[in-house]
Amino acid sequence: MGIVSPGFHGRPRSAAASLPPGQYLTEDFPVLSAGPTPRVPLDRWEFVITTETGQEHRWTWPELLALPSETPTVDLHCVTKWSKLATTWQGVPLDTLLAGVETASDYALVHSYGGYTTNLPLEDLLDGQAWVAYRYDGADLTPEHGGPARLLVPHLYLWKSAKWVRGIQLLHDDEPGFWETAGYHEYGDPWREQRYQGD
Amino acid sequence: MTKSIQTGRRLAWRVGRLVERRAETPTARTLVLDVPGWPGHLAGQHVDIRLTAADGYSTQRSYSLAAPADGDRVELTVQQVPDGEVSPYLAGVFSVGDPVELRGPVGGWFVWRPTDPPPVLLVAGGSGIVPLMAMVRARRAAGSRTPFRLIYSVRSPADQYYAQELRQQSGGLDVSYVYTREAPDGWPAPPRRISVADVNTNGWPPEFEPSCFVCGPTGFVETVANILVALGHEPRRVKTERFGPSGG
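Same order as they appear, the protein sequences are chains A and B. Count the first sequence with this note's numbering and you get residues 1 to 199, in order. Count the second sequence with this note's numbering and you get residues 1 to 248, in order.
These are computed hints drawn from the structure, not numbers from a lab. Backbone N, C-alpha and C fix where the C-beta goes; we use that ideal spot for every residue, glycine too. It is possible that some hints are incorrect.
[To be verified] Computed cross-link-like contacts, DMTMM-like style, restricted to lysine to aspartate or glutamate with a CA-CA straight-line distance of at most 25 Å: (1) A/Lys81 - B/Glu207; (2) B/Lys239 - B/Glu207; (3) A/Lys81 - A/Asp137; (4) B/Lys239 - A/Asp137; (5) A/Lys81 - A/Asp28; (6) A/Lys81 - A/Glu193; (7) A/Lys81 - B/Glu209; (8) A/Lys81 - A/Asp189; (9) B/Lys239 - B/Glu209; (10) A/Lys84 - A/Glu46; (11) A/Lys84 - B/Glu209; (12) A/Lys81 - A/Asp173; (13) A/Lys81 - B/Asp116; (14) A/Lys84 - A/Asp124; (15) B/Lys239 - A/Asp28; (16) A/Lys84 - A/Glu144; (17) A/Lys81 - B/Glu75; (18) B/Lys239 - B/Asp116; (19) A/Lys81 - B/Glu85; (20) A/Lys81 - A/Asp124; (21) A/Lys84 - A/Asp189; (22) B/Lys239 - B/Asp198; (23) A/Lys84 - A/Glu27; (24) A/Lys84 - A/Asp137; (25) A/Lys81 - B/Asp198; (26) A/Lys84 - B/Asp83; (27) A/Lys84 - A/Glu175; (28) B/Lys239 - A/Glu144.
[Said to hold, decoys possible] In silico negatives: residues of chain B with every beta carbon more than 12 Å from chain A: (29) Glu101; (30) Gly108; (31) Arg145; (32) Gln169; (33) Tyr177; (34) Glu207; (35) Pro217.
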């Protein structure tokens, strides 16, 4: 326990139990991004998985929408301390997209329109843990929240759920992404409070 | 295994003590903390503050640093958010001599270094002025001649942070204001939101390839970043930070 702040009482404790350490509950959906919001025309949108041998697997927007989708309800945890519970999405599981991809890689580097990147172990994208999501709360995903499509990896801090996702590069060696290069944790498990490098 | 990732040393929680508190507006306070062993920071970075109640409950928030590194001194400006859990404590209850836990500095993207050569455009919405003021102050502290322009959008003159200090600035820093609810007497325009004309007139031409820093609530940042891109600024030169009640 840290030092007591004289005269600090805090919010009622009931809601706090279900949150990862250091997080607080929010009802609205804050926006966080490091630069301008990219606009991606759907007729030029594509999603590309590139393997370590350079083999590419591509989906156009209609091809993505034609794939079987899921509607996960998940909790979101942002490294800036807010958590939002029970958010509902629609998207294609990465299991589906990676099913036909032959790879011996252990790591993934996710690329976004606008240049953002983030890295994570490939296994964190599998087994029903990650989606390419294109609808949020019953409506098309807005550009501010990553539309037309974003990665959704809710078991990690939200910066891993790359907005405006355009592809995934599979790699033998881990390569840090945008925030991971700027001092944030390479993995980002909210339950272990892995916010910054060395946490 | 992780060849290209350096595992840094963990950012330690430190104990700071409040040494000074200044009113910026009726609802915003600048807090000057003495933090023994503070490692220093860059203008634009923030810190995490952790408050702990007597029963062990604790919560954290991030706050931008308002001034450049100065030994063990750390300066924040906290806007009191109605119904907030932490800001009313920091802006009201927290008293000179009280301890508080903090760790940092955090954030390696939204930063300005006095050695950065390009001209700088700062666009602040409300309390978004805080990290940008750290850049203004870092420029002055370093004796930098890098040309700065600041566009500061506030609700009314009474909501301006650092009002006197910004008035006294000169020599390579141009400050312009946008008033959204109530303008000063004799102001040439009625209160209104920031527009393309403000950014075009009081910013830098894109050909100068300025570094642009935009900070404020989400809607404000979206608007200004879109304007900058539409005016021809390269998106990678436009760095944004969003906060406020609905802005993370």
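To see whether the hints hold, each was checked on the structure:
1. A/Lys81 - B/Glu207: 38 Å, violated
2. B/Lys239 - B/Glu207: 17 Å, holds
3. A/Lys81 - A/Asp137: Holds - the C-alpha atoms of aspartate 137 of chain A and lysine 81 of chain A are around 22 Å apart, at most 25 Å.
4. B/Lys239 - A/Asp137: 29 Å, violated
5. A/Lys81 - A/Asp28: Distance ~13 Å between lysine 81 of chain A and aspartate 28 of chain A Cα, so the pair holds.
6. A/Lys81 - A/Glu193: 10 Å, holds
7. A/Lys81 - B/Glu209: 34 Å, violated
8. A/Lys81 - A/Asp189: OK: lysine 81 of chain A and aspartate 189 of chain A at ~13 Å, within 25 Å.
9. B/Lys239 - B/Glu209: It holds: about 13 Å lies between the C-alpha atoms, which stays within 25 Å.
10. A/Lys84 - A/Glu46: Outside the cut-off at roughly 29 Å; violated.
11. A/Lys84 - B/Glu209: Cα-Cα ~38 Å, so violated.
12. A/Lys81 - A/Asp173: Not satisfied, since the Cα-Cα distance of roughly 30 Å exceeds 25 Å.
13. A/Lys81 - B/Asp116: Judged against 25 Å, a Cα distance of about 31 Å means the pair is violated.
14. A/Lys84 - A/Asp124: Given that 25 Å is the threshold and the Cα spacing comes to 21 Å, the pair holds.
15. B/Lys239 - A/Asp28: The given pair, whose Cα atoms are some 24 Å apart, holds under the 25 Å limit.
16. A/Lys84 - A/Glu144: The given pair, whose Cα atoms are some 17 Å apart, holds under the 25 Å limit.
17. A/Lys81 - B/Glu75: It holds: about 21 Å lies between the C-alpha atoms, which stays within 25 Å.
18. B/Lys239 - B/Asp116: OK: lysine 239 of chain B and aspartate 116 of chain B at ~14 Å, within 25 Å.
19. A/Lys81 - B/Glu85: 13 Å, holds
20. A/Lys81 - A/Asp124: It holds: about 22 Å lies between the C-alpha atoms, which stays within 25 Å.
21. A/Lys84 - A/Asp189: 16 Å, holds
22. B/Lys239 - B/Asp198: 18 Å, holds
23. A/Lys84 - A/Glu27: 6 Å, holds
24. A/Lys84 - A/Asp137: 13 Å, holds
25. A/Lys81 - B/Asp198: 34 Å, violated
26. A/Lys84 - B/Asp83: 18 Å, holds
27. A/Lys84 - A/Glu175: 29 Å, violated
28. B/Lys239 - A/Glu144: 15 Å, holds
29. Glu101: Glutamate 101 of chain B is in fact no farther than 12 Å from some Cβ atom of chain A, at 5 Å.
30. Gly108: Nearest chain A Cβ is 4 Å from glycine 108 of chain B, so the label is violated.
31. Arg145: Given a closest Cβ separation of 27 Å, the condition holds.
32. Gln169: Fine: 27 Å to the nearest Cβ keeps glutamine 169 of chain B off the interface.
33. Tyr177: 23 Å, holds
34. Glu207: The claim stands: glutamate 207 of chain B keeps its Cβ more than 12 Å from every Cβ of chain A (closest is about 18 Å).
35. Pro217: 10 Å, violated
Comparing the model with each numbered hint stated earlier shows that hints 1, 4, 7, 10, 11, 12, 13, 25, 27, 29, 30 and 35 do not hold.
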